[in-house]
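Spelled out from the first residue to the last, the chains are:
Protein chains: 2
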Amino acid sequence: MGVGHSSLPSSVDSLCINVFKPHPKTSALYNPTPQKHLFPTKKHSLFAGLKIGSFNHGRVPGEMEIQKGIAAAQKPIVDFHGIDEGLIQKIVYDALVWSSLHGLVVGDRNVQRSGKLPGLGMVHAPIALLPTPFPESHWKQACELAPIFNELVDRVSLDGKFLQDSLARTKTADAFTSRLLDIHSKMLEMSKKEEIRLGLHRSDYMLDEKTKLLLQIELNTISSSFAGLGCLVTDLHRTLLDDYGEELGLDSKMIPGNTARLQFAEALAKAWAEYNNPRWAVVMVVVQTEERNIFDPDLTWHCIPYLGFTYNVRSIRKTLAEIDSEGQLLPDGTLAVGGQAVAVIYFRAGYTPADYPSESEWSARLLMEQSSAIKCPSISYHLAGTKKIQQELAKPNVLERFLDNKDDIAKLRKCFAGLWSLVDLDIIKEAIEKPELFVMKPQREGGGNNIYGGDVKETLLRLQKEGSGEDGAYILMQRIFPAASLTYLIRDGICHKDHAISELGVYGAYLRNKENVIMNDQCGYLMRTKVSSSNEGGVAAGFAVLDSIYLT
Amino acid sequence: MGVGHSSLPSSVDSLCINVFKPHPKTSALYNPTPQKHLFPTKKHSLFAGLKIGSFNHGRVPGEMEIQKGIAAAQKPIVDFHGIDEGLIQKIVYDALVWSSLHGLVVGDRNVQRSGKLPGLGMVHAPIALLPTPFPESHWKQACELAPIFNELVDRVSLDGKFLQDSLARTKTADAFTSRLLDIHSKMLEMSKKEEIRLGLHRSDYMLDEKTKLLLQIELNTISSSFAGLGCLVTDLHRTLLDDYGEELGLDSKMIPGNTARLQFAEALAKAWAEYNNPRWAVVMVVVQTEERNIFDPDLTWHCIPYLGFTYNVRSIRKTLAEIDSEGQLLPDGTLAVGGQAVAVIYFRAGYTPADYPSESEWSARLLMEQSSAIKCPSISYHLAGTKKIQQELAKPNVLERFLDNKDDIAKLRKCFAGLWSLVDLDIIKEAIEKPELFVMKPQREGGGNNIYGGDVKETLLRLQKEGSGEDGAYILMQRIFPAASLTYLIRDGICHKDHAISELGVYGAYLRNKENVIMNDQCGYLMRTKVSSSNEGGVAAGFAVLDSIYLT
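Chains as they are written, first to last, in UniProt numbering: chain H, 1 to 552; chain B, 1 to 552.
Please keep in mind that the hints were generated in silico from the structure rather than gathered at the bench. Keep in mind that a hint or two might mislead.
Identical chains share a label here; the pair holds if one copy fits it or two copies do between them.
As the list claims (entries may be wrong) - Keeping only pairs whose Cα atoms sit at most 35 Å apart, straight-line, the calculated DSBU-like set for lysine-lysine is:
id, residue 1, residue 2
1, Lys193, Lys253
2, Lys270, Lys253
3, Lys253, Lys514
4, Lys253, Lys140
5, Lys434, Lys465
6, Lys116, Lys253
7, Lys457, Lys192
8, Lys210, Lys116
9, Lys253, Lys414
One chain only, chain H, in its complex shape:
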C-alpha cells in the first residue's frame, strides 16, 4: 500500500511507530554501537547567509538548549556534537544546490499551482543532511527478505479462497476492501488467470531498540512510492561524503548503492517485452486526477522516463475516469485505451477510497482487471498487501501453506512483529491495560489513520460496547520503539538538529510468466527519518525527511 506522496513532508503516517510487545526471543538491554566516527571541529565558515534554526520556534537554539536536549535523549550512534556550524552551513548550501540541480525536488504546498504540471512550484525535497547509521547485519537481513516477500505475495495471490476467507470480516467493516473483494470474486467466478505477474513492492521495517530486531511495519504491493527520490538522496549523501568525508570522518563507500528507480524501470520494460504482442502496446500509468495529485514527482518523473530513454517503450498517463471513458476490452482480451493497446498497467493511483469518487472509477478498475494487460498490481496482489493479510500470515503455520523453504519461512517469521486480529480477547484485554505497547491499524489506506496510546484503549472499549462488527476493520500490532539519534534535517532551506527515528523500506521487483520466474530481485531502498522529541508515548510531533543509510 503506497504511502500517499503528499504525506511525506509533515504527516506521521509514513513513519508510524508501532506498539511494542516484548519479543520472547530476547530481553537483552540496548547496547549502543561504539562511536566509530568523531567529527573534528575544523573551522569552515565559507558560506554566509544560512540559518541553522528550529522549525518549532523559528529561532536559533542556544548551545545550552542543544546540550540539554542531547543529555536528555538516547545516546546517539554517530556523534554530531563536534561538527562546526560553519562546516554544516557549507554542507547544507551544497546539499540544496545539488538537490536543485538533480531533481531532488517536490511540490511546494505553499505554492498554489504546484503539482498541476511538472516544473511548477518546486522546492527541494525534505532531506537528512547526512546518512543515518544502520547496522550492516540488519541491512543484509532486510535485503535478503525482499525476494522472499516477492515470492510470498505471488503465492498468496494464487490462493483466492485464502484471500476471500481472511478478509471476510474486513469486508463487512470496510467498504473499500469490500469493493476490491467484489472485483476479486468476479475474477474467481470467471476463472481469470494472470499468467504474467509483475510486483513492485516495498517492505518497511524499523529496528527495535530493546530487542535489536528488525521488525516489519508493513508490505506495500501497490504504488510503492519514493523509488526515485530515495535513490537521489543516496546519490546526494555519497557526493557530500566524497567532498566532506575527510573532515567528517565518514566514508562514502559505507552508503549502499541504490538503483531502485532503474530496476523498477527495467522490471516494467521486461514485463512489457513479456506481453510481447503487439510490440507497439504501451505502458499505462494510472494517475490521480489533477485536483488530487498534489505532487508526484517520483515514479512518473524518475522511473517512467527511463522506459522511453533506455528501452524505447512508450508510456501514457490516464486517470481512472479517463480509462472508464476511453477504455475498451477487445475480443481477444486486449485492453485498448484511447485507441492504444496497453501491455502493462502501473497503478500510481487506486490505492485509496478517495481515488474512486464515483462508479466510473470502479468500472475502470474492473475493466482493467478483466483484460489481458499485465497489472502492477493485479487485484490479488493488491489484496495480498493488506494489513489483514499481513496479520493472517503471522499466525502459526500459515506461512507453511505458501512456502516450502524452511529457511525462508524462518527468516520471514523473524521480522514479524506481534500482529493480532480483534477476535483475540486476551490481546484486547492486554491492549486495554497497556495501550502504550500497541498500535491499532485500520484497513483504510492513505496513512495518518493509526491509533496510538490512550486512543487505543478508548477505541477498543467503544468497539467492545458497540459490538457492531467494526472491529473487523482493524488489526492490533506490537508497537516498535526504534532508537533515536541526533540528525540534521533540512526542510524549506532550514537545517534543524534534533533527535530522530528512522524507517527502512526495501524495494522488491518480481516478474514471472506461466513457466518461469523472470525477475525476483531486491531493488534498492528508502530510508525515512523523522523527528522524535520523545521516544516514549504516542507519535512525536515532527516531519519525515528522505534519508540514506550509513553501514556500521
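Assemble chain B onto chain H, guided by the hints.
Using the frame of chain H, we list chain B on its own:
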C-alpha cells in the same frame, strides 16, 4: 557587462532590438532559407491535462487565429504548421520533467522566499520548446570572432590612456562610470600591472534580416550570465530531438554542443593554478546581497561546483560589503578575506550602480583592484566592455591600434553595427528624422534603459536644447531587424506559439600570464528568443526564453 539575471523572464533589455541603418555592403532583399524540415501530422495525444494557451489572454487560441497570425507574419524558416497539438503536448510535458530533473530551473518571482537560498521557490526556466534555426555560416562566423574579441579586450585593457580619453565625456555624464574610472586612474598612478589576466566574456549578436549580416549587439566583459542554463537548454533540446526527432523531421546532431559552464570552470581553475602561491588560496565569487539577489542559479550553481568536484578548488561567496569589512591587503599584495587568501575573484555582482549602495562597496572594489588576486574582470577589462568603448572601437583606424592581423580586423569590422557618439551632428539629424532606424543606449547597466522609436527623437531634441553634457552618457546605434520565426515558448508551464526573434551570445575565455597566452577559446553559446508580435516599430511586448540553435 552582464545582463541582469533578473531581467530574463519578462524584461526586454536582454534582447534589445537596435536601430537599423542600411549597411553599405548589401541591399539584397531578404530571401528566406528554403524549408528543410516538414512536420508530419501523426497523432500522439498521449498526455492529458496540458494546456497550449496564450500568455496574453490565458485562453487557447483558435485555429483560425493561429492561421491568421501566421499569414500576417514573416515566412518562418522552419515550418511549425504541421505539428500535431497532441505531439506538442507530449514534448512539452517531457521538457518540463527534464528541466525539473536537470536543474534547468530559476526562481519563481511569485514566491516570496525564492532566491534567498538555493532550493526554494523554483520553477522551470522559460524555454523554447525546440531549437531555433540558425545559418551554419553565421554560427561559424560568431565562433571565430570569440578569440579575436578576447584578444582585443586584453589589448585595449593595457592602454590606460585610450580608456581614460575615450570615456572622458562619459565620466562627466555618468556617475557610475566615473567611479570606475577613478579606480582605474589610481591603478595607473601606482603603475599597477595585472600580470595574470582572466576574461570570461560573452559577445551578443543578432542576424539582420535585410542585410543577412551577423551584427554585434554588445560585448559583456563582467558577469557574463547564463553560461550554465544555456548549456542545459542545449542538452534538453538534444534529448527531445533524440526522442522525437524522427516525428519532427529534425536531427539532434544539428544542435551544436555547448560546454560553456565546464569551460568557464576550467578557466577559473587554470587561473587559480596560475596564481600558484599559496595553493590553498580560494576562488572568491562576489555576490549580490540577499535583498538584491532575486535569483542566481546560473554561474554559482552550474559552474562553481565544478571547481570543487573536478579541480578540488575551494570557493567562497562574499558580498562587496563583506569584502570591505573582512578583507585586507597583506604586505606582499595578497588579498585575504575572512582570513583566507584569495587567488581569483569572479564578479557576479558589481556591474551595476545598485550594487554599490554606500562607500563601503567602492572601498571593497578598490581593495580588490589593488591586490595581486586575479580579477575577473580587472577594472580595465570592465571598462573595455563599456558601450562607449564599443563605439570608439568601431571608428575608422581604431582597431588597427590594438590588433596586427588584418584578417582579424576585417572579421571584427564586419560584425560592427553602425555606432556613433552624440557629437556626430549629421547622425543626430538623421536620427531625429528617422528615429525608428536607431536605438539610443545609455552607459548605465542593468538593462531596460535603451531608448527606441519616438523617444529617440524626443530625447535627442531635449539634449540639444539643454546642452548639459548629458549626451556624453549615450551612444547611438543602428537598429537591427532580425527575422521573426514561429516558435513554441514555454513559461510557467504554459506553451505559447508565436513569432519570435533571437539573439545569439557566444562565450569566450581568455587567460594569460606575463609571457604566454594560456587559454583563448570560444566556449559554447547562449541563444535567447523573445516574442515579437510586430517586427516593425519599437520593442514588441513579450518575454525572453532560453533557446538553442539548429544549424541550417
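Up to 35 Å CA-CA - Lys253 versus Lys193, copy category: Answer is neither: 45 Å inside a copy and 48 Å across each miss the 35 Å cutoff.
Given identical chains, is Lys457 near Lys192, meaning Cα to Cα at most 35 Å, within a copy, between copies, both, or neither? neither (43 Å within a copy, 82 Å between copies)
At most 35 Å between CA atoms: does that hold for Lys253 and Lys140 within a copy, between copies, both, or neither? For Lys253 and Lys140, only the intra-copy Cα distance (16 Å) is at most 35 Å; the inter-copy one is 46 Å.
35 Å Cα threshold - placement of Lys116 relative to Lys210: neither (45 Å within a copy, 44 Å between copies)
Have a look at Lys253 and Lys514 and pick one of within, between, both or neither, based on CA distance no larger than 35 Å. Intra 40 Å, inter 44 Å, cutoff 35 Å: neither.
Taking 35 Å as the upper bound on the Cα-Cα distance, should Lys116 and Lys253 be classified as within, between, both, or neither? For Lys116 and Lys253, the Cα distance is within 35 Å only across copies (33 Å; inside one copy 38 Å).
Is it within a copy, between copies, both, or neither that the alpha carbon of Lys270 lies no farther than 35 Å from that of Lys253? Cα proximity of Lys270 and Lys253: in one copy and across copies (30 Å, 30 Å).
My question is about Lys253 and Lys414: at a cut-off of 35 Å on alpha-carbon distance, are they close within one copy, between copies, both, or neither? within (29 Å within a copy, 57 Å between copies)
Intra- versus inter-subunit Cα pairing at 35 Å for Lys434 with Lys465: For Lys434 and Lys465, only the intra-copy Cα distance (19 Å) is at most 35 Å; the inter-copy one is 93 Å.
Comparing the model with each earlier hint shows violations of hints 1, 3, 7, 8; every other hint is respected.
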